[in-house]
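Quick note, the sequences are listed as chains A and B, same order. Residues in the first sequence are numbered consecutively from 1, following my numbering. Residues in the second sequence are numbered consecutively from 246, following my numbering.
Hint data in this document are derived by calculation from the structure and do not stem from the laboratory. One thing to keep in mind: the hints can contain errors.
What the hints assert, rightly or not - EDC-like mimics (lysine to aspartate or glutamate), calculated; alpha carbons at most 16 Å apart, straight line: (1) B:LYS264 <-> A:GLU69; (2) A:LYS243 <-> A:ASP227; (3) B:LYS522 <-> A:ASP227; (4) A:LYS2 <-> A:ASP108; (5) B:LYS398 <-> B:ASP427; (6) A:LYS195 <-> B:ASP625; (7) B:LYS486 <-> B:ASP558; (8) A:LYS224 <-> B:GLU516; (9) A:LYS194 <-> B:ASP427; (10) A:LYS57 <-> A:ASP108; (11) A:LYS194 <-> B:GLU272; (12) A:LYS2 <-> A:ASP81; (13) B:LYS363 <-> B:ASP418; (14) A:LYS194 <-> A:ASP81; (15) B:LYS518 <-> A:GLU241; (16) A:LYS179 <-> B:GLU272; (17) A:LYS200 <-> A:ASP27; (18) B:LYS361 <-> B:GLU311; (19) B:LYS264 <-> A:ASP108; (20) A:LYS224 <-> A:GLU241; (21) A:LYS16 <-> A:ASP27; (22) A:LYS16 <-> A:GLU241.
What the hints assert, rightly or not - Away from chain B, derived, C-beta distances all over 12 Å, residues of chain A: (23) LYS2; (24) ASP28; (25) ASP106; (26) LYS200.
Said to hold, decoys possible - Facing chain A, from chain B, some residues (calculated, C-beta under 10 Å): (27) TYR252; (28) ILE255; (29) LEU258; (30) GLU262; (31) ILE265; (32) SER269; (33) GLY303; (34) GLY314; (35) GLY315; (36) GLY317; (37) LEU511; (38) LEU515; (39) LYS518; (40) GLY521.
Even glycine gets a Cβ: it sits at the ideal position worked out from N, Cα and C.
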Amino acid sequence: MKILVLISNVPDTTTKIRFTGDNTAFDDSGVQWIINPWDELALTRAVELKEAGGVDKITVANVGEKSTEATLRKALAVGADDAIRIDTTANDAFYVAAQLAEVAKDYDLILAGIEASDYNGNAVGGMLAEMLDFNSVSAVSGIELEESNFKITREVDGGSQVISIGGPLVAIVQKGIAKEPRIPAMRGIMMARKKPLSTKEPVEGVNKTQMISFELPPPKTACKLIDEENANEVITLLHEEAKVL
Amino acid sequence: MKLFPDYFIIDDLLSNEQKIIRESIREWVNRSVIPIIDKAAQDHVFPKHLIREMGEIGAFGPYIPEKYGGAGLDQISYGIIMTELERGDSGIRSAASVQSSLVMYPIYTFGSEDQKMKYLPRLASGELIGCFGLTEPNHGSDPGGMLTHIEDKGDYFLLNGSKMWITNSPVADIAIVWAKDDNNVVRGLIVEKGMKGFTAPETLKKWSLRASITGELVFDNVEVPKENILPNAQGLKGPLKCLNSARYGISWGVIGAAVDCYNTALKYSLERKQFGKPIASFQLQQKKLAEMITEITKAQLMAWRLGTLKNDDKATPSQISMAKRNNVDMALNIARQSRQILGAMGITGDFPIMRHMMNLESVITYEGTHDIHLLITGLDITGIAAFE
């Protein structure tokens, strides 16, 4: 059993987002990069499955420039056995999926986070399954290995669903897949130094979308704090300023 | 607001690996220490379960080679770990300092191969807890006057004496004990819990390091097997080398406590309004905050530079004394100033400041007092010892 975990390199979730070039490009100066939180949970689950036995190898893969290697190194410290970086700019979900399809065919299970916390694409996992002609399940919140199948728990409206499905499988995972992201231990960080991180040239592919512009949400207006003893003022403000009453 | 101020972009001086180390320990502290630490300190209870967790994450003996259960990290990484732990609490950092620098370090540096293989991996994992006995009731700054002694009885050493102010002692499985031999030479021994005549009563009613456990070590005709002596330490140099390693860790660690106080005070000053505006608008509050960030930045640079020297094995004991003294004093002052910014709120357990402040009142005198460290600098620049 070989598992591939797809890793997106995203800005730290506390990053203050700015754009350059007349709102056409993300300003990445001073940004701290992290593993996409959903991918980090997916990796944690992969490591748990390996620790429980039955998994021979965990590979992590990312489409991105050299600067994303720090994130892959962290994934190795968490417990992946090797890493692949496809050396190109990740512009568009179809293009990224096409690149990943080249390295993903030999795996029994591919774990993709349900979304990336940067562009919120929700697309690469499904596209990849289609390109590889693999089975695919989305909104996966639990995964167990069975003799020849995967036992999957999915989140459905108001509850959950348990299904059994054969491989090879792309599981698009969401919160719940692992309790908390695994913190790399000091020994893991040292071992990650010696684990293989290979770089592959991109294959030809097309970007199906073109970026036009970004728009920031309107800035939040200041919060007004009213003293407990002036509770009536809330009514006045809702009536006169907010005009909702 | 950034969790950790980095005014001079020291981040650029760190490797990716060191940054991952920092993020890991930071996350562990956020998950395992911050949520429980106020109650532990209020209740004066050592959260012993954290020992195993610190072992798992690799906070014990991080610079000890992998062969002996460590991670083989460099000294800056060790410093970063100490900073992050002490952002949680000085008591938790103290437990890790003792285990790493005062127990694993002497076994690694002065121990036999058998001793290293027997103890180090289990100390690294947290299976064993260690403590370090140098200070005595009547010999603190003057350890050379110690009374604890061993007598060669042929098959074993007979150990008598007592040690005081020993972090971890009541829960420790082993103690590194420094005692004089028949020739008045200081030697180090590994004393194990359960040896007849060895007790470790707890020191109660502390107002500082309340989430850390402290005690005595009492030796009443303890028969210590000969294989338990550290073969490669003779004289006071042995324990002093251990203290150098621990003091180095403290010089990094206290930055964590200082930053936690500074962050709390800065946030509070921006939210707390008096006379119709945030108290951060007032010059006297800004003076406090601006001086704090200046002092933190200086301390960070000093710790980082000391780390690079230590990595090259060039850090002198006097340099370590200066950094320990300066940085602990810096942290204690920041705790006091932060407390003032918070006014009465600062004394409650809703904020970490008072806990840090009380902790730092110990840190400023343990591992060499504030005064003695100054005199070590004095000795270094004049050649004249003023403390004897």
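Item to complete: Assess, step by step, whether the Cα of A:LYS179 is no farther than 16 Å from the Cα of B:GLU272, and give holds or violated.
Response: Holds - the C-alpha atoms of B:GLU272 and A:LYS179 are around 15 Å apart, at most 16 Å.
Item to complete: Decide if the proposed pair is consistent with the structure: B:LYS522 and A:ASP227, CA atoms, cutoff 16 Å inclusive.
Response: holds, 15 Å
Fill in: Agreement of B:LYS398 and B:ASP427 with the hint, judged by alpha carbon distance not exceeding 16 Å
holds, 11 Å
Worksheet item: Can the hint on B:GLY521 be confirmed by a CB-to-CB distance to chain A that is less than 10 Å?
Response: Violated, because the Cβ-Cβ distance from B:GLY521 to chain A comes to roughly 12 Å (cut-off 10 Å).
Fill in: Hinted contact B:GLY303 with chain A - closest CB pair below 10 Å
Interface hint status for B:GLY303: holds (3 Å vs cutoff 10 Å).
Worksheet item: Does A:GLU69 lie within 16 Å of B:LYS264 when you go C-alpha to C-alpha?
Response: Cα-Cα ~13 Å, so holds.
Worksheet item: Given the hinted pair A:LYS16 and A:GLU241, is their alpha-carbon gap at most 16 Å?
Response: violated, 30 Å
Item to complete: Assess, step by step, whether the Cα of A:LYS195 is no farther than 16 Å from the Cα of B:ASP625, and give holds or violated.
Response: violated, 46 Å
Worksheet item: With a cut-off of 10 Å, does the beta carbon of B:LEU258 approach a beta carbon of chain A closely enough for the hint to hold?
Response: B:LEU258 check fails; min Cβ-Cβ to chain A is 15 Å, beyond 10 Å.
Discussion item. Tell me if the straight-line CA distance from A:LYS2 to A:ASP108 falls inside 16 Å.
Written reply: Distance of about 5 Å is within 16 Å: holds.
Fill in: Restraint outcome when B:LEU511 is required to lie within 10 Å of chain A by C-beta distance
Interface hint status for B:LEU511: violated (16 Å vs cutoff 10 Å).
Discussion item. Between the alpha carbons of A:LYS194 and B:GLU272, is the straight-line distance 16 Å or under?
Written reply: violated, 24 Å
When the structure is compared with the earlier hints, violations turn up for hints 2, 6, 9, 11, 15, 17, 19, 22, 27, 28, 29, 37, 38, 40 and for no others.
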